[in-house]
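Here is how the chains run, residue by residue.
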Amino acid sequence: MAYDPADLKLPGWLLSWLEKIIRIRLPVRPGWRVGLTRLGAVFLFLSTGVVGAAVYSGNNLLYLCGAMLLAFGMAAAGSAYLMLRCPPDLARIMPDSIGAGAAFNLRQSMDWQPALGAVVDVVWEGELARISFDIRCTMENSLVIGQMPKLRRGMYTFSRQRFGTEAPIGLWRIERSRNEDWQLAVLPEPIAWMGAGAGFGAGQPDGGEGDVFSDLRAYVPGDMPTRIHWKKAIDGDWAVKRFLSSGSPLNECLCVDLRAQPGPEFERLLGCAYGWMLNHPTLRLVLGQEIFELGEPAGWQAAVMTLAAAKPEHNPPIESSGMMLSVSHEEVRRAA
Amino acid sequence: MRPRMMREAERLTLGVLMCGVAALALSDFVSPVYWLVVALVGILRLCWAERFALSEMQASLLGWAGFAWVAVELILGRDFLVACTDFMLILSLAVTVEASTPRNHLHRLLVGMFLMLAAAVLTDSVFYILVLAAFLFLTWRAGRRLYGLRQIGGDLPLGPHKTDLRVFAAMLFATSLMFVSVPRIGLGPGAQNTQRYLDVSGFSDAVNLGDFARSLDATVVMRVEPDVEDERLPKAKHWLMRHYWRGTSLDRFNGHGWEKTQEIAASPLPAMTPYRGDTADKMAVGVYREAVEHSYIFLPDNLAGLDAIPQAVRWMRQGGLKFEQTPQTRVRIPMWLTGTGSEWAITSPPLPRHGQAPASTEIASWAQDLTTGMSEPKVQMRALMKELRGWEYDLNAEIDPYQPIEHFIGQKKGHCELYASALTLAARSLGIPARVVNGYRGGDWNDVGDFLVIRKSHAHSWTEAWIDGVWRRYDATPNVLWDMTASEPSVWESNWEAIKLAWYRYVLDFTNEDRNYLWQSLLALMREPAILLLLLPLLVFAGLGWRRFIPTLTRPGGRNLWPVVDKWLARHGAVRTTGAPLRGLLVPKGVDASRWRSFVSGWERQAYVGKPWSRWALRRQLRALL
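In order, the protein sequences belong to chains A and B.
For the first sequence, the residue numbers in my numbering are 1 to 336.
For the second sequence, the residue numbers in my numbering are 337 to 962.
No lab work stands behind these hints: they were computed from the structure.
Yeah, the Cβ is synthetic: ideal placement off N, Cα and C, and Gly gets one too.
Treat each hint with caution, since some may be false.
If you only want the chain B side, here are some residues facing chain A, beta carbon under 10 Å, derived [unchecked claim]:
id, residue
1, 390
2, 492
3, 521
4, 845
5, 922
6, 926
Construct all of the structure, not just a fragment, from the sequences and the given hints.
Laid out in structure tokens, this is it:
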């Protein structure tokens with residue numbers, strides 16, 4: 001805002017009084033609070049002075065000026081009220097999931113157009129975290145601008161929204177709280193453990209070139225050098241990787257064994273599982289005690305939410321028909 | 337700040353300041369040179385904003401120089417009020433030329449506001465309301481412009497005037513509503529709408545013959561508004577057009593003019609009890625007295641009562657009514673008049689000097705000649721009047737400064753002062769106590785607003801003679817005077833006068849009684865079944881208009897339709913977790929899968945790119961699924 005009374009070189013004591021005044025928020029109705037800005041405080045004093053002068057003098061032109069100032073203030077507050085009366089449905093434009101520990105910039109346009117230009121600041125609170133961002137509204141569109149804080153993996157539910165604005169004049173600070181749930185899945189960082197872009201078994205009737213293999217066999221002269229497990233070879237155990245064929249039932253499912261201690265290895269396990277999910281969005285995932293058909297939207301969504309909220313378990317996976325992934329798996333250990 | 341936004345802010349804040357200057361310029365106490373200079377500089381700033389600007393320090397020095405200049409003005413004897421307005425305008429000049437900065441914008445808004453408030457005290461012009469309205473609109477828009485600067489993501493565009501005009505209309509409505517609703521308290525005599533005193537000759541303590549009549553023009557000194565039913569207006573007009581409005585009585589002739597001897601306050605006050613009610617023979621009028629330099633209240637000859645005089649007054653033994661302190665504002669005095677004759681008779685007996693004989697024997701012999709054989713004072717007065725009324729009325733007749741009345745009798749032509757003086761002195765020579773009274777007679781009737789306008793040109797002199805224990809009026813001036821003073825105001829002038837009186841009556845002079853009357857009238861109106869029937873469609877229409885108006889302030893895009901969808905899904909066996917998109921849900925029971933997919937596509941389209949659905953449209957879509 002380009003006209004703050006702090007620009008007026010006011011004495012320090014007056015500014016400190018203004019600071020105290022603008023911290024006051026008065027509840028006007030459930031979920032609504034109103035406060036003053038610095039300019040609003042000056043305006044209120046001025047209006048009070050004019051009304052006082054009118055009452056003292058009986059001068060009807062001063063009454064008219066006082067009424068005009070009050071109407072002006074009411075119009076400013078009323079415009080802000082009408083703006084926040086129908087706040088935007090933010091849940092539908094917010095991301096469903098983000099990566100753990102990664103900065104996420106919000107810059108999303110939406111179809112919420114208050115008639116008067118405004119900037120609305122939003123705080124969305126949940127039990128575990130809170131985010132804040134701004135909505136910049138013009139006649140054409142509204143733009144959500146902000147940055148999500150870096151969050152750890154988990155399932156976050158944001159439920160309490162607090163909108164605040166000083167629009168359209170900058171006299172009043174109108175705040176509105178309401179409940180609107182938004183679930184955010186903060187997912188582990190995906191680990192591409194099947195090779196760059198290679199689908200598990202897809203297009204590799206004879207096996208793939210990546211690091212994912214199903215078994216080892218003894219070296220036979222003539223085997224391709226790329227199939228040799230060189231790490232074991234250094235130890236003197238010459239082995240060759242065996243890859244699954246596309247027709248194998250192991251291709252259709254990944255079973256993630258969640259038996260592990262909480263820690264980096266467990267997170268890597270989940271990262272590997274998520275990486276597999278991204279590469280195989282139509283297959284089946286067994287995550288501990290739950291089974292997800294990723295090809296179905298509901299299944300995918302449930303898998304993502306479960307993955308985000310996953311905790312170490314004591315039981316083996318409920319199913320073991322596909323490829324098994326566990327903390328003891330070498331790829332997971334290596335990633336960790 | 338982008339240049340375009342900068343220019344907008346510059347123009348709008350300058351506009352606010354110029355509104356303040358224009359409001360102050362309406363005051364009589366403002367020197368035209370000062371506000372013209374500010375206005376000129378304002379125009380230069382608008383045209384060459386960047387080049388024609390002083391730094392903050394230079395502008396500050398200009399303000400201090402203005403302060404010093406005004407101090408010099410005061411030392412040189414300038415009126416304090418005028419010096420104050422000079423200083424305010426010099427200050428606004430400094431703010432006008434100051435370079436455009438956030439602080440300067442605030443300076444302009446604040447100085448503009450203070451000028452508007454100062455003008456509220458220093459003027460009562462009807463143009464004030466126009467300037468105030470412009471000030472309101474420009475301040476709103478300037479506030480929005482300044483709020484939008486330097487916001488996150490850049491300056492917010494101001495947008496078209498259309499929406500601001502709607503808010504402006506709402507603000508005007510709210511202002512009007514509050515203005516008529518707020519009780520008037522008036523704890524002190526403080527800041528009323530001050531006017532410059534209007535110079536009106538003829539009502540001072542000493543009047544030279546000839547001065548009174550020759551300085552007359554069309555300046556309005558009084559407006560009289562009858563408060564009667566419409567059907568009685570013709571009668572009211574007839575009454576008022578014939579009225580004499582009594583001002584001051586002069587009782588000592590000094591040879592070339594009249595003087596007022598020492599005033600003696602009447603005690604007790606004459607019985608003038610407030611009379612309420614509009615009956616066949618009485619009517620209420622509101623008299624609007626301009627801020628004239630003398631303190632007399634002009635009283636009509638058939639006054640029945642007075643009420644609620646806004647300031648302290650003093651009754652005089654000579655039959656006059658004066659303010660204790662001459663008001664520098666326009667004053668409304670409610671009066672009650674009677675049409676059946678004078679209810680108010682001045683019965684204070686004459687002082688010895690009222691019977692003082694003229695110094696000239698020429699006047700005495702003229703009076704004696706005219707009244708030979710007559711003994712009754714009434715008969716004698718009628719004879720004198722009859723003679724005088726046959727003479728010629730001439731506003732520019734030559735006056736002999738040494739023997740004015742003798743000269744008048746000789747040439748038999750002159751104006752009302754000479755006729756009244758001649759009759760008074762002749763009556764005294766016959767032993768009848770008499771005095772000259774100055775006041776007004778008649779006026780111009782305004783057919784637009786149905787009120788009487790009394791101008792300086794309606795000033796008149798007549799004689800009062802003490803006969804049968806009562807002061808009786810004798811007007812010796814030929815009737816041709818009324819033909820000369822009667823004027824036919826133009827339509828424009830009549831309309832303008834009516835607007836001004838409405839402004840005085842309903843804005844400047846709005847009282848608690850008016851407020852109560854307004855509300856009672858509204859309540860009475862609401863009790864009428866016919867009115868209610870008429871209002872009902874209007875209210876429905878207004879409600880629809882309001883619903884149409886509100887979405888312009890908050891577009892429907894933000895409407896939360898999820899509760900409607902969730903409720904429908906629950907009825908059809910589907911549950912959506914909060915935040916989950918429709919696309920991820922199973923097809924609800926009883927719904928065709930392709931229709932469902934089509935609905936989901938439509939839902940997403942309206943949510944993200946298309947025109948948002950209303951609740952009604954959503955329900956229609958949901959019904960179509962089944």
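Q) Which hints from the list above does the structure break, by number from lowest to highest? A) 1 and 6
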